[in-house]
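**Q** Full structure from sequences and hints, please.
Line by line, the protein sequences give chains F and U.
Numbering follows the working numbering, with no gaps: position 173 of the first sequence is 260.
Numbering follows the working numbering, with no gaps: position 2 of the second sequence is 30.
Source of the hints: derived by calculation from the structure; they are not laboratory data.
Among the hints, a few may not be true.
[As the list claims (entries may be wrong)] Pairs of lysine-lysine, PhoX-like flavour, derived with a Cα cap of 20 Å:
| hint | chain 1 | residue 1 | chain 2 | residue 2 |
| --- | --- | --- | --- | --- |
| 1 | U | Lys192 | U | Lys363 |
| 2 | U | Lys192 | F | Lys244 |
| 3 | U | Lys363 | F | Lys244 |
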Amino acid sequence: MSTEAQKLLVFLHVAVKQRAFQGELQSALPGIDVTAVGRIGDFDRSLQDHPDAVLTLPLVLAARGIGATLHGRRQGAQDEVYALVGADSMPDPAKIQSVGALDLLGRDGTDSFVNRVLGARPKVERVTKVEDLLPLLQMQRVDAILLAARFVTELKKASRLSLFQRDLATKVELPAAATLSAGGPQILGALSRLPAQLSAAMGVDEWR
Amino acid sequence: MALTRREFLYALPAGASLVACATTTRDAARATTYRESVTGNTASKEGTVLVCMPDTSQTRQVWTGLSDDLGKHYRLVALHADARESGAAIAEGMRRHRPSGIVLMNNPTVAAYRALQKSSPQTVFPPAVIVMTSFLDGHSQHLLAATGISYEVPLITVVTNLRKLIVGPIERVGVVLRPALSGFVQRQAALARREQITVFEEQVDPRPNASDLKRALRKLKQHVDALWILNDDRMLTPQLIMEGWIPGLNERPWSPAIVGAASLVSPGQSFGTFAVLPDHTALGSQAANLLFDIADNGWVLPQDSVIQPPLSTTTTVDLVQAKERFELRADALQKVDRVLE
Chain F
88 MSTEAQKLLV
98 FLHVAVKQRA
108 FQGELQSALP
118 GIDVTAVGRI
128 GDFDRSLQDH
138 PDAVLTLPLV
148 LAARGIGATL
158 HGRRQGAQDE
168 VYALVGADSM
178 PDPAKIQSVG
188 ALDLLGRDGT
198 DSFVNRVLGA
208 RPKVERVTKV
218 EDLLPLLQMQ
228 RVDAILLAAR
238 FVTELKKASR
248 LSLFQRDLAT
258 KVELPAAATL
268 SAGGPQILGA
278 LSRLPAQLSA
288 AMGVDEWR
Chain U
29 MALTRREFLY
39 ALPAGASLVA
49 CATTTRDAAR
59 ATTYRESVTG
69 NTASKEGTVL
79 VCMPDTSQTR
89 QVWTGLSDDL
99 GKHYRLVALH
109 ADARESGAAI
119 AEGMRRHRPS
129 GIVLMNNPTV
139 AAYRALQKSS
149 PQTVFPPAVI
159 VMTSFLDGHS
169 QHLLAATGIS
179 YEVPLITVVT
189 NLRKLIVGPI
199 ERVGVVLRPA
209 LSGFVQRQAA
219 LARREQITVF
229 EEQVDPRPNA
239 SDLKRALRKL
249 KQHVDALWIL
259 NDDRMLTPQL
269 IMEGWIPGLN
279 ERPWSPAIVG
289 AASLVSPGQS
299 FGTFAVLPDH
309 TALGSQAANL
319 LFDIADNGWV
329 LPQDSVIQPP
339 LSTTTTVDLV
349 QAKERFELRA
359 DALQKVDRVL
369 E
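**A** Here it is as structure tokens:
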């Protein structure tokens, strides 16, 4: 009798293509069927396939009524700094009229998230990939972009724009995992033993 | 429209968590077929969006992006727009659903809508968002209450992507073009200067031959870091590709050639090194954002509305050519969507 592989659904924004990210996760998690998506719509559809575990940001888990069991940490902290990045001048959260941000929860949810982190209510332009934030600045579609501070180095490597970074006071929780079925705990055990470089791609140096 | 047969189908289309209702209606007298699928928030009082689309894999991806975002708020009607019957189908769709907004996908659909507007000067048309239409900047001027997203990936985005792939300064970009596209290239060059990219043009005859093309390529390749090949049908005829482009690109010195169509990147052909195309699902999301802006403005096109360039792209690399001729960055393959070898 064959045993079906356990299924892990991942919804995280990373600096590499989802194809490459899924491949690396799959290699690091033999025996587990990994699906990595970059859009909340694809995440919601994939949830209907009944994965055994999910890995995403806690705010996404909370929005879907799922409780996290395994939390990512970096340097002992369960959350990380987000940054506001502008071209040519230092952005001021209180003054910007428009901001680019990764789409975490669709229009309303992402607007609320941005408002909470910025403490202000600019117009939000949502994108679905980290690499799509830079075009918003290049084409002057927004006054600034909002992203996890760990992505800024890569952003600066990709552009010759004069970029200014302001770290924000409100932090955001690092990725976390949740079990959705009896097979979930085994997946979470495997996640906690991921290679350091792969965890680092998610902003994490320890899983607990 | 006389009915000869009506079928109801229930399906779960991409992008919708609600059951969709699909209708096919044939008008025997006019030999036309009307096909629609209603989905999204069918009970919505916030409005109906009519999406006029031919049935291709790319339009279905755009539909996914659109419906994922809009489906929670609005009733969505996907209207099958076949080139021959588009005008009649759109008119029927507008009559049935009185949409608050319209999405038009591809050149023939836009042309049909333009003809419809011209034939009905007394009709008040809802605001329209246009996608998947070539060189849109000119087209939207001929439609009432329309905005959209151009289909050409901006040069600044194309070069930013190439720089992630290939070692070495990519600062000077050459383009061979017909005079008709000079204005387009100049606008792209102006934007590209923000990333310290300089464009070198070689204009050819409005009806170039292969020798003109090869001559232009030889001249450019002496002093550029990359070549940007425009999606100009008249420059990409089979004869020009076989007798002009391919021989010209395969002479030393080699320059990476960036193209805008996936079919032009093929290890067997050695034409494009790298293709950068709009990400169609993200294009749908971007169009949804435009519609949200219009809805927030009371379903009236905002006065400051402008044609947007596509923000998100997918990339394909001819790895055989790239490895043979250029030095790839260590993490290059993690930054590309499709690798052909």
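**Q** What's the verdict on U:Lys192 and U:Lys363, does the C-alpha distance respect the 20 Å limit or exceed it?
**A** At roughly 7 Å apart (the allowed maximum being 20 Å), U:Lys363 and U:Lys192 satisfy the hint.
**Q** When you check the alpha-carbon spacing of U:Lys363 and F:Lys244, does it fall within 20 Å?
**A** OK: U:Lys363 and F:Lys244 at ~13 Å, within 20 Å.
**Q** Check the hint pairing U:Lys192 with F:Lys244 against an upper bound of 20 Å on the C-alpha distance.
**A** The given pair, whose Cα atoms are some 9 Å apart, holds under the 20 Å limit.
In summary, the structure agrees with every hint in the numbered list given earlier.
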